[in-house]
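Colleague: From first to last, the protein sequence lines are chains A and B. Following the working numbering from start to finish, the first sequence increments by one per residue and tops out at 98. Following the working numbering from start to finish, the second sequence increments by one per residue and tops out at 437.
Note that these hints are calculated values from the structure, not bench results. Beta carbons are placed, not taken as given, at the ideal position from N, Cα and C, and that holds for glycine. It cannot be assumed that every hint is accurate.
[Said to hold, decoys possible] In silico contact screen, one side only, chain A against chain B (beta carbon under 10 Å); selected entries:
| hint | residue |
| --- | --- |
| 1 | I68 |
| 2 | E84 |
| 3 | N85 |
[Said to hold, decoys possible] Away from chain B, derived, C-beta distances all over 10 Å, residues of chain A:
| hint | residue |
| --- | --- |
| 4 | K31 |
| 5 | I38 |
| 6 | P45 |
| 7 | D59 |
| 8 | R91 |
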Amino acid sequence: MANAILLDAKDNVATCTAAAKAGDKIKILGGGEIICVEDIPIWHKVALQPISKGDKIFKYGEIIGEASIDIAAGGWVSHENIFSVPRDYESEMI
Amino acid sequence: MQFWGYKRADGRAGIRNHVLILPTCACGSETARIVASQIRGAVNIVFNTGCSDVQANTEMSQKILTGFACNPNVYGVVIIGLGCETVPHNKLREKIKSMTSKPVISFGIQEEGGTLKTIEKAVRAARDLAAEASLQQKELCDISELLMGIECGGSDATSGIASNPAVGELSDKLIDLGASTLMSESIEWIGGEHVLAKRAATPELHNKIIKICADYEKHLLAAGQDCRAGQPTPGNKFGGLSTIDEKSLGCIRKGGTRPIVEVLEQAARPTKHGAIVMDTAGYDISSVTSMVAAGCNAIIFTTGRGTPTGNAIVPVLKVTANAQTYSWMADNIDVDLSGIISGDLTIGDAGELLLKKIHDVCNGRLTKAEAYGFSDIAVDHVCRFV
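Turn these sequences into a full structure, and let the hints guide you.
Modeller: Written out as C-alpha cells, the structure reads:
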C-alpha cells in the first residue's frame with residue numbers, strides 16, 4: 005500500500021499518508037518510491053529529489069513556495085524550510 | 052431534483068423556518084439569548100459589534116444584521132436593541148422591512164425599562180411568531196432555490212487532497228442540476244488566485260478575482276500587517292500545510308470547476324445563478340457569517356483538524372477526509388470521507404454521497420452542530436473600534 009500521494013507529475017514533493025521514520029522506504033501513489041532521510045509526520049511533505057536553496061517547490065503542479073535551505077531527497081519539507089513568495093498581481097491581469 | 056422547503060414571498064426558499072431573535076448590538080445580545088431560550092422554534096445570535104464603530108464597520112454590521120433577517124431560513128424577526136447604539140432597533144426594523152415582507156418586531160431595552168420588561172414583551176412577540184411559523188407547511192421547491200455556501204476550516208493536507216475536491220465535485224453536480232454555490236475566503240485564494248481566475252466566465256470577473264487578492268494584501272500592509280504571518284495558522288502548519296500558497300491551492304478546489312458567474316463583495320446577495328465567489332476573510336466563522344448574510348440556505352464545511360462550529364440560521368454540514376480526526380470528533384463531524392485517502396472511495400463517489408447528504412439536510416435532517424444548537428458568528432471589521 006502506498007504511503008505518500010503525488011498530486012501532479014510536475015511536483016517535487018509528495019504528501020505522506022502515514023508517519024515515516026528515517027530509513028523507511030516510502031511508496032508513492034502516482035509513481036516511484038523514496039527512502040526517507042529523516043522522520044516525517046503524517047500529512048507532511050517528502051522531497052522527491054534534492055532541492056537547493058532558492059528552488060521552487062511544486063505541489064498540485066503549482067508553486068507553493070521556495071526553499072530557504074538545501075533539502076535532501078527523502079527530506080522533510082515544511083514551513084521550517086520553505087517560504088511563500090510575494091505575488092505579481094499586475095502580471096496576472098488580462 | 053427537488054426538496055421540501057419553506058417558500059418565501061420574495062421567491063426564495065428556506066430549508067428551516069426559524070424565528071430569529073436579533074440584537075442590534077452587543078448590549079442587546081444577552082437579552083436576545085434569554086428570549087430565544089424561552090421559545091421553541093426561536094434562535095438567537097450573539098453580536099459583538101453595533102456600537103462605537105467607524106462608518107465602514109457600521110456598514111458591515113448592518114449588512115450582516117439585515118442579511119441575517121432576510122435569510123430565507125428565517126420566518127420572522129424579533130429585534131432587541133438598547134437605545135444608544137449606532138443604528139437603533141426602530142431604524143434597523145424599518146430597514147429590514149424595506150427589504151422583506153416577513154414579520155419584524157422590535158424593542159429597545161432602555162425605553163422598555165430594562166432587561167426583564169423587554170424580555171416579557173419580546174417573549175410574547177416571539178411566541179406569537181413561532182406559533183404562526185409552526186403553521187407554515189413545507190412545499191416542494193426546485194433545487195435551483197438552493198444556494199449552498201462552501202467553507203473550509205481547520206484545514207490540513209487532507210483538505211486539499213481529498214475533502215475539498217469532493218466538495219468541488221458536489222458543487223459541480225449542484226450547478227449542473229440548476230442550484231447555486233458560493234465560495235468565499237478570498238485571502239485563501241492568494242497563491243492560487245491565478246488558478247481560480249481561470250474559471251471566471253468573463254475577463255472582468257477574472258481581473259476582479261486577482262484584484263481582490265491584491266487589495267487584501269494592500270489593506271493588511273496599510274495596517275503594518277502581513278497576511279503571510281497569520282496564514283497558514285499554527286494548526287494548518289502542524290497538519291502539513293507550509294505556506295499560504297499551498298493552503299490556497301487546496302482551498303480553491305472546494306469550489307469545483309464550473310465557470311464563475313459572479314464575484315461578490317462581502318455579505319452581498321447574489322444576482323446570478325451558478326458558481327459564485329465572494330470576498331471574505333479566511334477566518335471560517337466570519338466567512339460563514341458573511342455567506343449566511345448573503346442568503347445561503349445551507350453550508351458545507353470541510354475540515355482536517357476538526358471543528359465543532361455551527362450557525363444559528365443555516366445548517367452547517369461538516370466533512371473530513373482525515374480518518375483520525377473523524378474517529379476523535381465523530382460527535383462534531385457529519386460525514387467521513389477518509390475512504391478517499393485509503394483508496395476505498397473515489398472523488399466522484401464522494402461527490403454523490405455529499406449530494407445525498409446535503410439533499411437530506413435541505414429536507415430537514417439536522418446536522419450535528421445544528422442539533423447541539425451552536426450559533427457561532429464573527430463580524431468582519433475594517434479597523435479598530437472607536
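Colleague: State for each hint whether it applies.
Modeller: Structure-based check of each hint:
At about 4 Å, the closest approach between the beta carbon of I68/A and any beta carbon in chain B falls short of 10 Å, and the interface hint on this residue holds. At about 8 Å, the closest approach between the beta carbon of E84/A and any beta carbon in chain B falls short of 10 Å, and the interface hint on this residue holds. The closest approach between the C-beta of N85/A and any C-beta of chain B is roughly 8 Å, which is under the 10 Å cut-off, so the hint is satisfied. Annotated as non-interface, K31/A keeps its C-beta farther than 10 Å from every C-beta of chain B; the closest such distance is 12 Å.
Distance check for I38/A against chain B: the nearest CB is about 17 Å away, which clears 10 Å, and the non-interface claim stands. The non-interface label for P45/A is inconsistent with chain B: the shortest C-beta to C-beta separation is roughly 7 Å, within 10 Å. The claim that D59/A is not at the interface with chain B holds, since no C-beta of that chain comes within 10 Å of its own (minimum 14 Å). Its beta-carbon lying about 7 Å from the closest one in chain B, R91/A breaks the requirement of being farther than 10 Å from that chain.
In terms of the numbered hints stated before, the structure departs from hints 6 and 8, listed from lowest to highest.
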